[in-house]
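> Sequence:
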Amino acid sequence: MTVVAKDQVEDDKLPIKMLNDRLLVRIPDKEGERRSTGGILIPATAQLSKRLVWAEVVALGQNVRSAEVGDRVLFSPEDRYEVEVQGADYIMLRERDLHAVAASRIESHTGLYL
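If you count the sequence shown from 1, position 27 lands on 46 in our numbering, and the numbers rise without skipping.
Please keep in mind that the hints were generated in silico from the structure rather than gathered at the bench. Yeah, the Cβ is synthetic: ideal placement off N, Cα and C, and Gly gets one too. Take the hints with a grain of salt, since some may be wrong.
What the hints assert, rightly or not - Derived Cβ-Cβ restraints for the label pairs, each shown as a range:
1) Asn82 <-> Arg124: 15 to 21 Å
2) Arg91 <-> Thr56: 19 to 25 Å
3) Pro34 <-> Thr56: 40 to 46 Å
Full structure from sequences and hints, please.
Rendered as structure tokens:
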């Protein structure tokens, strides 16, 4: 598995092999401020208890069955390990820590709409 940050050139790749049931994910930059459905601006510094987070799968181990590279996964921020790879921040998770997977290949009748 090769992980390359967006702003890196092709010659600067770092090969990474994820082991067992581990996933390497990247949280989108837009995870800062957000708006409630009522239009109230919620700053990034606001603490919300037990709020789950969406992230994109960048690499995965050979034993991961429920997700693929490019999928979006939902997990608890408490279950994560942060790692820096060539200046870019990623999060390492176990497959058992995932709560949901969102991908175009998944049937649309799951009840989850993004």
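> If a hint holds in the structure, say so; if it doesn't, say that too.
Quick rundown of the hints versus the structure:
1. Asn82 <-> Arg124: 15 to 21 Å: 19 Å, holds
2. Arg91 <-> Thr56: 19 to 25 Å: At roughly 21 Å between Cβ atoms, threonine 56 and arginine 91 fall inside 19 to 25 Å, so the hint holds.
3. Pro34 <-> Thr56: 40 to 46 Å: With Cβ atoms ~43 Å apart, the hint holds.
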